[in-house]
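J.: If you want the building blocks of each chain, they are given just below.
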Amino acid sequence: MSTITFRDALHSAIHEEMARDDSVFVIGEDVIAQGGPYTVTEGVVDKYPDRIFQTPIAEAGIVGLGVGAALAGMRPVVEIMYLDFITCAMDEVVNQAAKMRYMTGGQASVPIVIRLPCGLGRYVAAQHSQIMESWFMHVPGLQVVVPSTPKDAKGLLKTAVRSPDPVMFMEYKRIYTSEGEVPDEEFLIPFGEAEVKREGEDATVIGIGPMVGKSLEAGVLLEDDGFDIEVVDPRTLSPLDTDTICESVRKTGRAVVCEEDSSFAGTGAEIAAMIAESCFKDLQAPVIRVGMPHVPMPFAPSLADSVVPRVDDVVDAVRRVIA
Amino acid sequence: MSTITFRDALHSAIHEEMARDDSVFVIGEDVIAQGGPYTVTEGVVDKYPDRIFQTPIAEAGIVGLGVGAALAGMRPVVEIMYLDFITCAMDEVVNQAAKMRYMTGGQASVPIVIRLPCGLGRYVAAQHSQIMESWFMHVPGLQVVVPSTPKDAKGLLKTAVRSPDPVMFMEYKRIYTSEGEVPDEEFLIPFGEAEVKREGEDATVIGIGPMVGKSLEAGVLLEDDGFDIEVVDPRTLSPLDTDTICESVRKTGRAVVCEEDSSFAGTGAEIAAMIAESCFKDLQAPVIRVGMPHVPMPFAPSLADSVVPRVDDVVDAVRRVIA
Amino acid sequence: MALTEELAKKMYTDMWRIRMFEEEANRQLGLGNVVGALHLYCGEEAVAVGVCSNLRDDDYIVGTHRSHGHCLAKGADMEHTMAELFGKADGTCSGKGGSMHVADLSLNILGANGIVAGGLGPGTGTALASKIRKSDQVSVCFFGDGAAARGTFHEAITMGALWNLPVVYVCENNGFQQWVRRETVAVVDSVATMAGSYGIPGVSVDGQNVVEVHEAVSEAVDRARRGEGPSLIEARTYRYFGHSPGDLEEYRTRDEVEDWRTNRDPINTFRAYMEERQWLTEREDEEIQEATSAEVTKAVKFAEDSAVPGIEEALTDVVDTAWRVEA
Amino acid sequence: MALTEELAKKMYTDMWRIRMFEEEANRQLGLGNVVGALHLYCGEEAVAVGVCSNLRDDDYIVGTHRSHGHCLAKGADMEHTMAELFGKADGTCSGKGGSMHVADLSLNILGANGIVAGGLGPGTGTALASKIRKSDQVSVCFFGDGAAARGTFHEAITMGALWNLPVVYVCENNGFQQWVRRETVAVVDSVATMAGSYGIPGVSVDGQNVVEVHEAVSEAVDRARRGEGPSLIEARTYRYFGHSPGDLEEYRTRDEVEDWRTNRDPINTFRAYMEERQWLTEREDEEIQEATSAEVTKAVKFAEDSAVPGIEEALTDVVDTAWRVEA
Ligand SMILES: Cc1ncc(C[n+]2csc(CCOP(=O)(O)OP(=O)(O)O)c2C)c(N)n1
Ligand SMILES: Cc1ncc(C[n+]2csc(CCOP(=O)(O)OP(=O)(O)O)c2C)c(N)n1
Ligand SMILES: [Mg+2]
Ligand SMILES: [Mg+2]
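Listed in order, the protein sequences are those of chains V, W, R and Y. So in the numbering used here, spot 276 of the first sequence is number 276, and the numbers just go up one at a time. So in the numbering used here, spot 19 of the second sequence is number 19, and the numbers just go up one at a time. So in the numbering used here, spot 233 of the third sequence is number 233, and the numbers just go up one at a time. So in the numbering used here, spot 163 of the fourth sequence is number 163, and the numbers just go up one at a time.
With the rest of the complex left out, here is chain V (with noise of 0.2 Å):
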């Protein structure tokens, strides 16, 4: 074990997929000057200049040409520099890499890692912060995956380089210099398997991303409470273990899903909803959703970190969903 951030553990995770398989190169806006806005691609180039792309500024472009590549046996890892740029390529995503296998009945493979750091980062803006992470999970064909951990970070992004399949990789921006223990071995984390971060007997939280770390935390502040939380980190959104988190609802009879994205129509939606009828006999309060308003997010790093949730909007909804 190392401690390494959650940068080093992705930025670990590329080196070490590039060396084990020739068909992995890297594509996107700025990832060889300075290695990408996070540094994640740093030193590719130097040790593999050809397979290494620094492109225009065009993302519907980007994403096609990695949906091409991937058709033909590559598996590229596209950046995208923010996640909100996501949005200039939606047709590529859903249409193209989503759907390839599907609609050629079984033909296709599309093993494309689209990478996106999101979230809020620097103060900067609307259209600079954004998550979406339940816009891909409605879209059929695509893994959606949340590293909340550096270890989760690695493991996660090793085992969607190698998988056949689309993946929307989530990078929340502002956990890229959280640290935590990192195998030192090779290792892979399976999709679809939840990790229960803590266990506890009180109540459920389901934590989504940096909201990982915002329960935990809560939970040991909740310890005063004489609460006992339990926090499931779901690692993967699609596919979504529901299983683990079911267990865990049953043994609790509580349940609060947090997200750091707005709630309306959001992932904590989904989860909620699953929950509410799968576990329905034994809860013994209504799900709770924590997230932020359905505003877009403020410049003012004032109203940024007022709409955000926070360590105490946990505390809170436990709280009541305890209460």
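Bear in mind the hints are in silico, worked out from the structure with no lab data behind them. Any given hint could turn out to be false.
Each computed EDC-like pair below joins lysine to aspartate or glutamate, with the alpha-carbon atoms no more than 16 Å apart [as the list claims (entries may be wrong)]:
#1 LYS134(R) <-> GLU277(V)
#2 LYS134(Y) <-> ASP50(W)
#3 LYS131(R) <-> ASP22(V)
#4 LYS131(Y) <-> ASP22(W)
#5 LYS151(W) <-> ASP202(W)
#6 LYS281(V) <-> ASP282(W)
#7 LYS134(R) <-> ASP22(V)
#8 LYS301(Y) <-> ASP58(Y)
#9 LYS134(Y) <-> ASP282(W)
#10 LYS131(Y) <-> ASP50(W)
#11 LYS281(V) <-> GLU277(W)
#12 LYS281(W) <-> ASP241(V)
#13 LYS131(R) <-> ASP50(V)
#14 LYS301(R) <-> ASP90(R)
#15 LYS281(W) <-> ASP282(V)
Got chain V; can you put chains W, R and Y with the ligands on it based on the hints?
T.: Chains W, R and Y with the ligands only, in chain V's frame:
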């Protein structure tokens, strides 16, 4: 009252609004030729030759120009030939139209209506049959309107044209030819007001778009079982009239949410999660969702017909929720 | 690729294969055996054939919504293609794709595409793959004149040009974009003009003349295979049928269609060329047409006999569910 | 618009206003009063000023991520603009937009845009509005050289050209696209070349020479106002600062920057031009700079004094909640 088709209702709404307000104009592909694929803009070119623009194939450009014209005080009614092609213009929808008012601190108004023919039509497979309302619901700043009858189509489209904010206007292709009574005098239907389309005591069925009609049919069949269902049509998904939905569910104690789109992270997820949270004490059974399985639309008519929810699926779901 | 007598015969045959396949597909549409959007290629045969006659089996093509011709010219089997239009289990795509998504990955036919200009990015991506692998495969992107207005056209070609990828962009300029004439919605007459924005060669050829198409593409393919980068070729052509079912064809006269059919038919033009060179006897011509007709009949029979897919098929092929990694 | 002495003085002043505003914004970034992405315009002043000096108050402009200069040149107030960068309640956008979204709709400044090439469609749309209304307003779309690769550039200009809209497309070609040199990611040197794809005039001018910019744009604006359609103007320019905070500037040398600052500074160039014509005395120059400096100081004071927006403000302006229709 006159009995007219859904298509006629839209057609007359556009003609009436164009007569009333010089700033209303039409833009889209083939909107002059044959009056668009669904003939909704038929005759506009004869009456208002300077207010209809037949475009190149360039959805991002079309919506982008619409946003600009709207910012300059015009009221564009944009036709996207198939909803699926809006994926080519998602930046314009999400980052421009939806956020402009907010990012400018309330200075800007973007009164654009984007008409979106959607859902299964004449068997045109995965890239020509999508729905995706839940995407638009999730975007703050967008209003999402889903008429299910000719009357609602007319009243809601007229309201949409007058709205100071962007409207995603869903037109399910399979109901263009359905008929219904429409008032002869001018009328508008406010956003955020659901309609109870059938009163009943035993269970609430929330239907979206064509599922309203199917739910009403199911209602008749279920009378044989001795079940009396209430059918609620939200009519607008954003804003969503949670009061009317919850009032009904509190009365019946049971809810089924029906959509034609795939359920996973879909429209029904939000509605089901909301009901499960708001009506927890009154629910006598879990909220059940009826929708398409999580697959793209297959081409073969036999397959396509097997995945789109039918009247039977509603009947089954109601029996399950009451059982 | 040099135009030998042998190749010419194959090309002539392929043109008939497309013509007869499409006419039959249209007939089957009338009978209700084929449903959905059916974009027919009749009149444009010289383009697909003039292009694909330069390609190897391992070269890539990506098509458009109007792609039966591209697939057949690249070698796709008529029986499975017809079965696909019928929505049958033996279709190339098991009935899940239909006319707008026919594809045969085993022949590197990436398939039709229901999104106008949707294929240009992926097609260019296959060329990127070839470059990375240092293979000498070439990719061809077919697209319509209408597609040239879309942003993806611009973005894809920019990258194709930037990295000198082995790709040939083939515009089928049939003068129409669904129900409108090109001149009412386009700002430049020739799509080949646009090559200037990308610093690549752009040529315009008579798309009714398969020899002209073949030669222009031959040069472009060679250039691409040598690693010298992409070319843009515009073939001026015409479609005989309406855009797809439901087209009232208000944008053209019957006379106009008749004129093209009579005076500029690509099959007639090529027949004359071959006869002049004594590459085709009347007898051979008859044999080709008879054999092709029989092939089409057999394809229809195959499609009719093929099973309707079982409804459980609707739920497969979303992702590869057999794939697993171990933790 | 003719370049009179009076207009030249205003332009010279505006160039200083932008220069000093930007340098101060950068200082405030260092102090932590300004946060987020800050894309500075220093070095490119001649473009915004050369363009906007041809515009009326009711003409439209749309900007880019690097738009403080565009706003100031079109007449935006420095105090509210600075307050916006501070995220304060008195900002032009009440602190909700920030640097990448500054806008002043009352001056038909539709604002900055955080999406590269995101403004070209909306900008062209304002010109469509003017055409429908038969007003003689003109719209200007500013965009960077990087934006010219995006599909929306292609789609928007196609429609601007198709309908002969009153719009001028102004490319600020500063030779960089974030952290890469244009030549490594672009396929044609001059963006003006691309005008050929749209059948509109395309010219390239020295973007460090405000007179040259002014004159080229004057012609384009007149053309647009006369209803003769769009033009594409490329201004070759240079930015003095890094792309935005965090730029290590590995893609250029200090010498290169110094060379532009010393030998091709737009303000120095214009000063020399004015002095030659005896349009500017040393005294006047000093006064202009002092007044501008005072204006900037006042703007900072204003921004500092302005309140932080109340958190309830985060929840307003999503849609117009006051709007209602009656059933
Ligand atoms: C992005 C997108 N927009 C619109 C359509 C609807 N559509 C299908 S084919 C077509 C016309 C295409 O014209 P062109 O590219 O010239 O090809 P042609 O049909 O003439 O072969 C249109 C508008 C589509 N399929 N995709
Ligand atoms: C669609 C999109 N892709 C990428 C970015 C990130 N980005 C912001 S500015 C920029 C460079 C823009 O270059 P250019 O258009 O030449 O403008 P300049 O910064 O040189 O003024 C990039 C890549 C973005 N904002 N939007
Ligand atoms: Mg065409
Ligand atoms: Mg630049």
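J.: Against this structure, judge whether each hint is valid.
T.: Tested hints:
1. LYS134(R) <-> GLU277(V): Distance of about 53 Å is beyond 16 Å: violated.
2. LYS134(Y) <-> ASP50(W): holds, 10 Å
3. LYS131(R) <-> ASP22(V): holds, 13 Å
4. LYS131(Y) <-> ASP22(W): holds, 13 Å
5. LYS151(W) <-> ASP202(W): Violated. LYS151(W) to ASP202(W) sits at ~27 Å, over the 16 Å cutoff.
6. LYS281(V) <-> ASP282(W): holds, 13 Å
7. LYS134(R) <-> ASP22(V): Given that 16 Å is the threshold and the Cα spacing comes to 12 Å, the pair holds.
8. LYS301(Y) <-> ASP58(Y): violated, 30 Å
9. LYS134(Y) <-> ASP282(W): violated, 60 Å
10. LYS131(Y) <-> ASP50(W): Roughly 9 Å separates the two Cα atoms, so the pair holds.
11. LYS281(V) <-> GLU277(W): Between LYS281(V) and GLU277(W) the Cα gap is close to 14 Å, so the pair holds against 16 Å.
12. LYS281(W) <-> ASP241(V): Roughly 27 Å separates the two Cα atoms, so the pair is violated.
13. LYS131(R) <-> ASP50(V): holds, 9 Å
14. LYS301(R) <-> ASP90(R): OK: LYS301(R) and ASP90(R) at ~12 Å, within 16 Å.
15. LYS281(W) <-> ASP282(V): Measuring from Cα to Cα gives roughly 13 Å; hence the hint holds.
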